[in-house]
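J.: Sequence:
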Amino acid sequence: MLITYDTLTGNVQRFVDKITNNMYLNVEKITEDTMITEPFIHITYTIGFGEVPKLTQVFIHNNRELLRGICSSGNKNWGNNFGLAANKIASQYSVPILLKFELAGTDSDVAKFLQEVKFIDNQHKQYS
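No gaps in the numbering here: position 101 of the sequence shown is 107 in our numbering, and each next residue is one more.
Incorrect hints may appear among the rest.
Stated by the list, open to error - Below, a list of computed lysine-lysine pairs in the DSSO-like style, where the Cα atoms sit at most 27 Å apart: (1) Lys118 - Lys35; (2) Lys24 - Lys35; (3) Lys82 - Lys94; (4) Lys60 - Lys106; (5) Lys60 - Lys94; (6) Lys124 - Lys35; (7) Lys94 - Lys24; (8) Lys94 - Lys35; (9) Lys106 - Lys82; (10) Lys106 - Lys35; (11) Lys106 - Lys24; (12) Lys82 - Lys60; (13) Lys94 - Lys118; (14) Lys94 - Lys124; (15) Lys24 - Lys124; (16) Lys118 - Lys106; (17) Lys94 - Lys106; (18) Lys24 - Lys118; (19) Lys35 - Lys60; (20) Lys24 - Lys60; (21) Lys124 - Lys106; (22) Lys24 - Lys82; (23) Lys82 - Lys35; (24) Lys82 - Lys118.
Unchecked claim - Just the calculated beta-carbon pair ranges, DEER-fashion: (25) Thr37 - Glu71: 16 to 24 Å; (26) Asp127 - Tyr99: 17 to 25 Å; (27) Asn128 - Asn86: 15 to 23 Å; (28) Val33 - Glu108: 16 to 24 Å; (29) Met41 - Ser114: 30 to 38 Å.
No wet-lab data here; the hints were simulated from the structure.
C-beta: ideal position from N, C-alpha, C; glycine also.
Could you put the whole structure together from the sequences, leaning on the hints where they help?
T.: In structure tokens, the structure reads:
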């Protein structure tokens, strides 16, 4: 399963580094021109008062048919706005939220994410 991501402060990058240390995954940091040709799960961060970063918005819109799940980092100090980017993307594109994690995530966050990725990957293989 392809994992794409967008990072600003480095928290998402540190989370991605943790997941790639635990399991071989095809991981790609997105740019303005990134086009995907296979199903993917996206990891993003939340900005402002629960907003989706602009680069992630454009990327998801351009590759929406292949999006299979979303994950978002955030800071629990933001209360109800914690990781809200995941909620907005999940609602708009009808995909599951795999995980919301604080800052760079914990070991249990990594384990949960990898479990969710495996589940979605198995579903995709079953219906392909």
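J.: Of the hints stated earlier, which fail here?
T.: The structure breaks only hint 27.
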